[in-house]
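Reassemble the complex: the two chains are provided individually, in unrelated frames, and hints are given to aid placement.
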Amino acid sequence: MTAATLANVAYLLSSALFILGLKRLSKVKTARAGNQMAAGAMALAVVGTLVEMETIPWQWVVAGVVIGGLVGGIAAVKVEMTSMPEMVALFNGFGGAASAVVALSIFWGTGIEGLDGAEHQIVDLRTAASALGGAEAFTSALSIVIGALTFTGSIIAFMKLNGSLRNGKPILLPARHLINGLLVLAGLGCIAWFTGVAAGPDQLLTAVGALTGISLLLGILLVIPIGGADMPVVVSLLHSYSGVAASAAGFVVGNPALIIAGAMVGAAGLILTQIMCVAMNRSLVNVLVGGFGEAATAEDARDYENVTSTGPEETAMLLESASSVIIVPGYGLAVAQAQHAIHELDQELEKMGTTVRYAIHPVAGRMPGHMNVLLAEANVPYEKLVEMEAINGEFATTDAVIVLGANDVVNPSAIEDPQSPIAGMPILNVHEARSVFVIKRSLSPGYAGIKNPLFERDNSMMLFGDAKKMVQETLKELREL
Amino acid sequence: MTGPLLLGLYAFLLACFVGFELISKVPPTLHTPLMSGANAISGITIVGALVAAKTTEPTVSAILAVAAIAFATINVIGGFLVTDRMLRMFGGKK
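The listed protein sequences correspond, in order, to chains A and B. For the first sequence, this note's numbering assigns the number 1 to the initial residue and increments by one for each residue that follows. For the second sequence, this note's numbering assigns the number 1001 to the initial residue and increments by one for each residue that follows.
Only chain B is shown next, with the shape it has when bound in the complex (with noise of 0.2 Å):
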């Protein structure tokens, strides 16, 4: 196994462990928050789209990536500005 692999597993094994103890505490009023949230985090997968679109050429990869970028756009401002209206109302009445 090459270092940068190796080292990818690492980090892939330790960020579960770290999102388990974090979530393994949360009280139920935050579970549909944290889920929108923690979904709004999954689109990171923006950054790998945004790899993908390596040539100005419309080639078949290049239509592809924008349609990833596009999906992961969605995920990321819909799922942040959603959670972000539902915590409002949770703590922005005192």
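Chain A with its partners taken away, still in its complex shape (with noise of 0.2 Å):
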């Protein structure tokens, strides 16, 4: 067998692992073994193309992959749990960027350094479509402006999630839809003109940096209008895009490993985005457009009425009466790190004879699934969360809910004021329950930016305070019971 062929061989097998490992990591049981089976696969990619390469540049090869090991490697062991979600986002975009930089290393290589005509006394003039082929050409710019977005998009989000920009809130310029509007004119006419216009060295790196140039500014122009909150469907979908521009990056050196992965990831992304939206029940445009929130006005504790304040102390007495405790855990647990506390009094309730469920809505927290995550970490056993459409029937019937760091996801706007910006997304009914403990820093307003009557029903008690530490005092108040 020649070397070409035993890659091949090698990228068939790759493209089959690749499928196996993701039908794999769609189920609880075998997703371990299928994240595995994909970087078994990742392996066998690698190691195809190095056999199939002529020379190999080990220094290049070597320091490449000596930076990235270490960088990834220890990102992945030392990231805290609850910061999953911008972590994803950053190596998204480390993604994004790897695909945009590989077609530019392979149009410079040819497109520049091969037509560099200055041994020969003569300029070649061929434009990129000739040097590279014309579907190469193309498809590198491809790669070039979506991985170059993906790249500066998800370096936004993950900003926003770690609330370095403006603590996550929408940055509105003016004009912002002309502006970008006309970007992307201006970069369709840049993908036109460096395919098959340009010619010669000086033109083509002009038409290659003006691409770059507004890819990336158009990455970073389409991110900062969208609030915090709504980065899980920004972060599925700018996903979605890296696999895309990877995939087209497959196009450009030849190789069917690449577009097939690329072209799964780039499907897998687009799925979990309409996953995202439904559960909001907000169109994905709705989402890109941006601005969600800002429009409402902020309302603070002024315009709450008949709030009922209460303590550690009485809630543990209520909770040692309750048969049946729904946890409903938001973005504030994360924010507070209260997983583990949360998991301690759950057991301490078990022992006591209470069932304990967690209700789990497909938005809470800043990534899809980012509640399961962080109550695995508290080893919660995954029998005990629930999905929303599951529970939903069951709050009529609980004694007690206990509302931690949620907001928006809970208040009954939704479904009672057809006037609420929110009004149709699907929310818990917790208000349906027979007492709501509430545990909030503050009356401020959740990401839609509107008021929350839940607070101001009979039946709901507010707990003003850091989760985690509201969580520790009750437990240490039921304790003593």
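Keep in mind that the hints are not guaranteed to be accurate.
As the list claims (entries may be wrong) - Under the rule of at most 30 Å between Cα atoms (straight-line distance), these lysine-lysine pairs were calculated in the DSS-like manner:
id, chain 1, residue 1, chain 2, residue 2
1, A, K469, A, K451
2, A, K476, B, K1025
3, A, K169, A, K469
4, A, K29, A, K78
5, B, K1025, A, K23
6, A, K451, A, K29
7, A, K469, A, K351
8, A, K78, A, K169
9, A, K27, B, K1025
10, A, K351, A, K384
11, A, K469, A, K384
12, A, K384, B, K1025
Honestly, the hints are just simulated from the structure, not real lab data.
The following block contains the structure:
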């Protein structure tokens, strides 16, 4: 067998393993094996590529792998589970950057360095299409555009998720739709110019520079108007883009494993984006236009009447007499790192014979499945986490609900007030329970920027304070009873 | 349209369908690990980065290739490790 045949067998096996790995990743029992299988597929594809290459510039390969391996490995081991959303956003950005830089490097090697006519005393005036091939030139342009946009978009998403950019609030530029529209048109023009019009090294360099610059800028401008809590949708979508960018790079280098794996990731990202939008009852366009929650007038404590405030002692007494308790976690749980504390409270209640379950809203937290990961870290068995549709009918027969750092996902306005900005969004019907304890730092509005009438209900009691501290104090009182 | 390009487009299209089919039935519990795992898979672009590093001369294209290899490796190593860390918590307590 020649090296090329051997490599192609490796790519074929690798593609099959990627598909099997992704299939296993979609079931709880086999997920870990699936992830390892995908990692194996990756190793196989890398080995295949090395076999196929005639000469391997080891100094570059080793330098790149050592730098990337150290950064990625250390980050993966050190990151807190509560910071997982921003970590995934950041990694995703690097994936996009990698695809864009691959296309840039190939273009530079063939299109600029390959065209350099200095030694022949003639200047080569070929276009990218004639130097690289038409399809390769076009997919290079796509890979650069999508990859660069994914990179800056993901960095902005990362900064919004960790709160370093205006604490995740939308940034609304005047005439932003016009600016973005013009940039998109300019980008499309640049793709055409780069692919088939620009001739010779000078023009090609200008074209590729413009293409890269516009894409980087567009990535920033498209994400800044979107608020922090909409980041699950944005990250899923950017995730889809990074798959498409990888697939485009696959067309440039003519590697089928790269085309296939990239396409699958692209499709997976789109599905997740769709799931997130349905869970918020909003269209993708509505999310991407941005500015959600800015329009609503900021309401504060003055707008609330008849709010009942309580303390850990009273909460513990009421919880002790409850026979069923449902815990509703939200982003506040992640911020306060209260997952271990709530699990202790949960175990204490179970010891007393109380049934404890967790109700998981699909968009609770800052990432699809964010709450599940945090509670799994605290060793809460996943059988106790119940999805919204499955548990919504049971709130009416539940003695006590603990809302832990969640707000909009338990706002009854969504079903009772057709004028509300969140009207029609599926919510957890916690207001139907006999008593509701809301652990929250203040009466400040949630992401949607609207009042939550749940706090005024007769069956609601507010525990103002840090989620972790309040849970720990309630647990202490419960043990002393 | 030439042969390899056409075959590439077929592969792309079919892989999109496979991706849709596989992911549409995933339980919400797995959304985060799935995103992070699929994200690691998109690091497959490391294969392209290796191909790009074809010369031992320190040319612009070679330096860009090193950057691409480094970015892709962060994604691959970091992505698979972090996904494994999450999934270990999901399964390893019985």
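These are the hints, each one checked on the structure:
1. At roughly 25 Å between alpha-carbon atoms, K469 (chain A) and K451 (chain A) fall within 30 Å of each other, so this suggested pair holds.
2. With a C-alpha separation of about 42 Å, the suggested pair K476 (chain A) and K1025 (chain B) falls outside the 30 Å cut-off, and the hint is violated.
3. A threshold of 30 Å between alpha carbons decides the hint, and for K169 (chain A) with K469 (chain A) the separation of about 26 Å falls inside it, so the pair holds.
4. Proximity of K29 (chain A) to K78 (chain A) is assessed by CA-CA distance (about 25 Å); at most 30 Å being required, the pair is judged to hold.
5. For the hint pairing K1025 (chain B) with K23 (chain A), the CA-to-CA distance comes to about 10 Å; that is within 30 Å, so the pair holds.
6. Proximity of K451 (chain A) to K29 (chain A) is assessed by CA-CA distance (about 41 Å); at most 30 Å being required, the pair is judged violated.
7. A hinted pair counts as satisfied when its Cα atoms are at most 30 Å apart, and K469 (chain A) with K351 (chain A) qualifies at roughly 22 Å.
8. With a C-alpha separation of about 27 Å, the suggested pair K78 (chain A) and K169 (chain A) falls inside the 30 Å cut-off, and the hint holds.
9. Of the pairs offered as hints, the one joining K27 (chain A) and K1025 (chain B) holds, with about 9 Å between alpha carbons and a cut-off of 30 Å not exceeded.
10. At most 30 Å may separate the alpha-carbon atoms for a hinted pair to count; K351 (chain A) and K384 (chain A) meet this at roughly 15 Å.
11. For the hint pairing K469 (chain A) with K384 (chain A), the CA-to-CA distance comes to about 23 Å; that is within 30 Å, so the pair holds.
12. About 20 Å separates the Cα atoms of K384 (chain A) and K1025 (chain B), which keeps this hinted pair within 30 Å; it holds.
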